[in-house]
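Peer 1: Quick note, the sequences are listed as chains A and B, same order. Going left to right, the first sequence walks through residues 585 to 1037 as the numbering used here numbers them. Going left to right, the second sequence walks through residues 585 to 1037 as the numbering used here numbers them.
Calculated directly from the structure, the hints in this document are not laboratory data. Think of the CB as a built atom: it goes at the ideal place given N, C-alpha and C, for glycine as much as any other residue. Keep in mind that the hints are not guaranteed to be accurate.
Each pair of labels, with its calculated beta carbon distance range [unchecked claim]:
| # | chain 1 | residue 1 | chain 2 | residue 2 | range |
| --- | --- | --- | --- | --- | --- |
| 1 | B | Gln890 | A | Phe958 | 19 to 27 Å |
| 2 | B | Asp667 | A | Asp820 | 47 to 55 Å |
| 3 | B | Lys934 | A | Glu656 | 40 to 48 Å |
| 4 | A | Glu717 | B | Asp667 | 55 to 63 Å |
| 5 | B | Asp803 | A | Glu593 | 12 to 20 Å |
| 6 | B | Pro854 | A | Asp750 | 37 to 45 Å |
| 7 | B | Tyr597 | A | Lys742 | 38 to 46 Å |
Which bits of chain A does chain B cover? Going by a derived footprint, with three or more residues having C-beta under 8 Å, they are [to be verified]:
| # | region |
| --- | --- |
| 8 | 884 to 898 |
| 9 | 926 to 939 |
| 10 | 968 to 981 |
2 protein chains.
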Amino acid sequence: MQQGFDVLEKFKYFNEYLKNKDYLRLSDEIRRTNPVDIKDYMQTLDLSQAVIVFRLLTKDDAAEVFAELDREDQQRLLEGFSDIEVSTVVNELYFDDMIDMLEEMPATLVKRILKNSDADERRRINMFLKFPEDSAGSIMTTEYIELKPDMTVKEALKIIKETGMDKVTVYTCYVTNETKVLLGYVSLRVMVTSDVDIKIKDLMYEDVIMVNTHDDQEDVAAIFRKYGFTALPVVDNELRLTGIITVDDIMEVMEMEATEDFHKMAALNPEEDSYMDTSVLHLAKNRIPWLLFLMISAAFSSTIIQSHQMVIQSVIALNMFIPMITDSGGNAGSQASTLVIRGMATGDIKLTDWIKVLLKELKVSLLVGSVMCFVAFLKCILFDNVEILVAITVAFTIFFTIMLSKMIGSMLPILAKKLKFDPAIMASPLITTMVDSAALIVYFKVATLILGI
Amino acid sequence: MQQGFDVLEKFKYFNEYLKNKDYLRLSDEIRRTNPVDIKDYMQTLDLSQAVIVFRLLTKDDAAEVFAELDREDQQRLLEGFSDIEVSTVVNELYFDDMIDMLEEMPATLVKRILKNSDADERRRINMFLKFPEDSAGSIMTTEYIELKPDMTVKEALKIIKETGMDKVTVYTCYVTNETKVLLGYVSLRVMVTSDVDIKIKDLMYEDVIMVNTHDDQEDVAAIFRKYGFTALPVVDNELRLTGIITVDDIMEVMEMEATEDFHKMAALNPEEDSYMDTSVLHLAKNRIPWLLFLMISAAFSSTIIQSHQMVIQSVIALNMFIPMITDSGGNAGSQASTLVIRGMATGDIKLTDWIKVLLKELKVSLLVGSVMCFVAFLKCILFDNVEILVAITVAFTIFFTIMLSKMIGSMLPILAKKLKFDPAIMASPLITTMVDSAALIVYFKVATLILGI
Chain A
585 MQQGFDVLEK
595 FKYFNEYLKN
605 KDYLRLSDEI
615 RRTNPVDIKD
625 YMQTLDLSQA
635 VIVFRLLTKD
645 DAAEVFAELD
655 REDQQRLLEG
665 FSDIEVSTVV
675 NELYFDDMID
685 MLEEMPATLV
695 KRILKNSDAD
705 ERRRINMFLK
715 FPEDSAGSIM
725 TTEYIELKPD
735 MTVKEALKII
745 KETGMDKVTV
755 YTCYVTNETK
765 VLLGYVSLRV
775 MVTSDVDIKI
785 KDLMYEDVIM
795 VNTHDDQEDV
805 AAIFRKYGFT
815 ALPVVDNELR
825 LTGIITVDDI
835 MEVMEMEATE
845 DFHKMAALNP
855 EEDSYMDTSV
865 LHLAKNRIPW
875 LLFLMISAAF
885 SSTIIQSHQM
895 VIQSVIALNM
905 FIPMITDSGG
915 NAGSQASTLV
925 IRGMATGDIK
935 LTDWIKVLLK
945 ELKVSLLVGS
955 VMCFVAFLKC
965 ILFDNVEILV
975 AITVAFTIFF
985 TIMLSKMIGS
995 MLPILAKKLK
1005 FDPAIMASPL
1015 ITTMVDSAAL
1025 IVYFKVATLI
1035 LGI
Chain B
585 MQQGFDVLEK
595 FKYFNEYLKN
605 KDYLRLSDEI
615 RRTNPVDIKD
625 YMQTLDLSQA
635 VIVFRLLTKD
645 DAAEVFAELD
655 REDQQRLLEG
665 FSDIEVSTVV
675 NELYFDDMID
685 MLEEMPATLV
695 KRILKNSDAD
705 ERRRINMFLK
715 FPEDSAGSIM
725 TTEYIELKPD
735 MTVKEALKII
745 KETGMDKVTV
755 YTCYVTNETK
765 VLLGYVSLRV
775 MVTSDVDIKI
785 KDLMYEDVIM
795 VNTHDDQEDV
805 AAIFRKYGFT
815 ALPVVDNELR
825 LTGIITVDDI
835 MEVMEMEATE
845 DFHKMAALNP
855 EEDSYMDTSV
865 LHLAKNRIPW
875 LLFLMISAAF
885 SSTIIQSHQM
895 VIQSVIALNM
905 FIPMITDSGG
915 NAGSQASTLV
925 IRGMATGDIK
935 LTDWIKVLLK
945 ELKVSLLVGS
955 VMCFVAFLKC
965 ILFDNVEILV
975 AITVAFTIFF
985 TIMLSKMIGS
995 MLPILAKKLK
1005 FDPAIMASPL
1015 ITTMVDSAAL
1025 IVYFKVATLI
1035 LGI
């Protein structure tokens, strides 16, 4: 029995057994532990200890633990292994885990692994390595159960009994014809609740929802979310079954895609590696381009301020409200852009909804703008002791700025998507820079009108 | 066979059958369609048509389609139903779907549903309605397969055969003792690949990872992600099995939690409903509080500018660089805060890592600050034609501002978490407001030193 906090306690016992070379007991304990936790434990050990623990695992567990390890740890382990050990571990891996690993290993190690595979396996590996990054083909695996329509449930269950332990899932089985074209699927649940003499073709569900090897993994994730599947078949252009994608791999994709959006929306180049594992140089390189671009873009604001020095000089009080106005515009704009970007990412807002979004934001900004305008006026009068005309100028500017920001913030992401750019780049930082200039122009325009400068 | 684009085509046929009252054919076609697509189709129909389509469904499909519908559509349908129809649909629903629905239905409808349930069911419903929102208890369901340790695989498979179609999952079965305390689990995969005479207790996995009914759903999602499970048992304080949570429900939780973080990070009150379905008034109410708070906070910046009017008056060129400096600070700060907030959300960064993060950000900001400082200097000299001393002032200010922003941006989310606040509120808008003031203080300090004002 185990809940979160017990795991560290467990590791202490493991350490003791390891120290006392009580390998029998360690092996016994470790075999009753989830592979993810074994991986966590191995990461606390040095290489020689890790190799010892690894050798105590069953073949299946060894493969699972290995697949969970970071690339660097996998590499270290492989380098410490004999050729026979390399081929044992690699052959036990699920195909998608092996491909993931090979894609990021140094060439020498890939060669050594390929050397230890047979010709057929090598051909299959090379085919997989060719799928574009982030495509369904690059995340699928080939260990699925394939049935034929004329089999009976009894025959199917026999196949599952014999080969089931090597498949990523046995819960959805795929039915294909003699040329591997996908005909349908049948769930193990339906098979175990049916008569054993029924034919598979009478149980199978023919309206299969499937994806193509070249479909984007983000679209695949959307299908999983929409239908709540635990596995999805992947076919080639001739509708032949080439692999399946399982929900655990898709959860990783979903998390990664959300992280990428968070990063893009904060003016960062999206980063797949974890923050803690990324080097300082790499982090800096990811941050500089956007910061530079945005700093240079702020030149527009500078130019606007410079060309209105006269206005500022004549009513010096105007200057102190510039941050309040530009910040409010930026915040109002990024509220709208975030809602729209996230709405498009989750499928709630479609391109064709743009006019509805525009009208909605218009109404929302009338409400929000009015409240902000009123409070800004009170603040100017009561706390900043400025002339009433200056207060009116600031209040009006806030109102128009909120309106403008909401329009810009909500429409630019939709426009970006329409032009096939990623809407997430139209987030707070870029919107803020644009809204700054717009707000300043409004400010000086309103000031010259109201104050008659 | 079906891929995304075919669904709309299918709906056209459905409409034709519906128009021609060819219900036999419509029923036949609709039964071969995924419930999620049927729901999409029903949402294109008016109430009377929707009721017709609904009555053509099998009992199981009817329950699934009903569970997929929006609350308002569910309500409309229920109001159009006879008492018998209400009780049929409601009884076929999975327990978690029924609870989800009851939590948001008007009281009169809840009463009508409870009236049509038996005493035992009513008691169970009332217990579920008491779990705190967002707790594991509130999202779990009770339709799982429960086995006893002394059963054989053959007996277990018989139970699955008889009751399996009414359970949310048959792929993981839970083993309990006579007082319902959870002893372990056994997967259907292991059962169908084992000898039928083996006892369950010899196959079951005893180190079960489980959650408590009161655990937060976000923590539950983290466990699913970490271990790649498709189902997780939920126990009460006496470790008695009370329900299970399945991966499809958790995918929804994951998406909702990410959306909530996006919203919080853009100074919005988090919103569970979709943007398109939320009223203008509600949207405005969600945006105003933070905008007001941030606008008032900008008073600090105003005060700083006002108290340095003399500096600006003596070197008027300084004024035009204020937006560039505050924007750069805000952007640099939100890069750091986003990385840290997301890193903490995905479990990559822990509270105890704060010193590592601080050192890393210090190094990153030295690099980023130097590049930005150099470019800012060139820009001032080459494009803005300012005196060299003003250019040096701006460049140094940019450097220090980047350093400061990265420190503030990376440390505040960690501090917030330490103080048990949600780190996501320490995002761009709040960081920007704070960094603005800090940047302005640095600017005027550097200016007085270098320009000797």
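Peer 1: It remains to establish, for every hint, whether it holds in the given structure.
Peer 2: Verification of the hints:
Here the CB-CB span from B/Gln890 to A/Phe958 is close to 23 Å, well matched to the stated 19 to 27 Å. A beta carbon spacing of about 52 Å between B/Asp667 and A/Asp820 agrees with the range 47 to 55 Å that was offered as a hint. Hint check: B/Lys934 to A/Glu656, Cβ distance near 20 Å, so the stated range 40 to 48 Å is violated. Remark: the range hint 55 to 63 Å for A/Glu717 to B/Asp667 is upheld by a beta-carbon distance near 56 Å.
Checking the proposed 12 to 20 Å range against B/Asp803 and A/Glu593 shows it holds: the Cβ atoms sit about 19 Å from each other. For B/Pro854 and A/Asp750, the Cβ-Cβ distance of about 44 Å falls inside the hinted range of 37 to 45 Å, so the restraint holds. Look at B/Tyr597 against A/Lys742: about 39 Å separates their beta carbons, and that is inside 38 to 46 Å. Counting residues of the region 884 to 898 of chain A whose beta carbon lies closer than 8 Å to any beta carbon of chain B gives 8, which meets the minimum of three for the stated coverage.
A stretch counts as covered by a chain when three or more of its residues have a beta carbon under 8 Å from one of that chain; for the region 926 to 939 of chain A and chain B the count is 6, and the coverage holds. As drawn, the region 968 to 981 of chain A meets chain B at 1 residues by the rule of a beta-carbon pair under 8 Å; below three, the given contact is violated.
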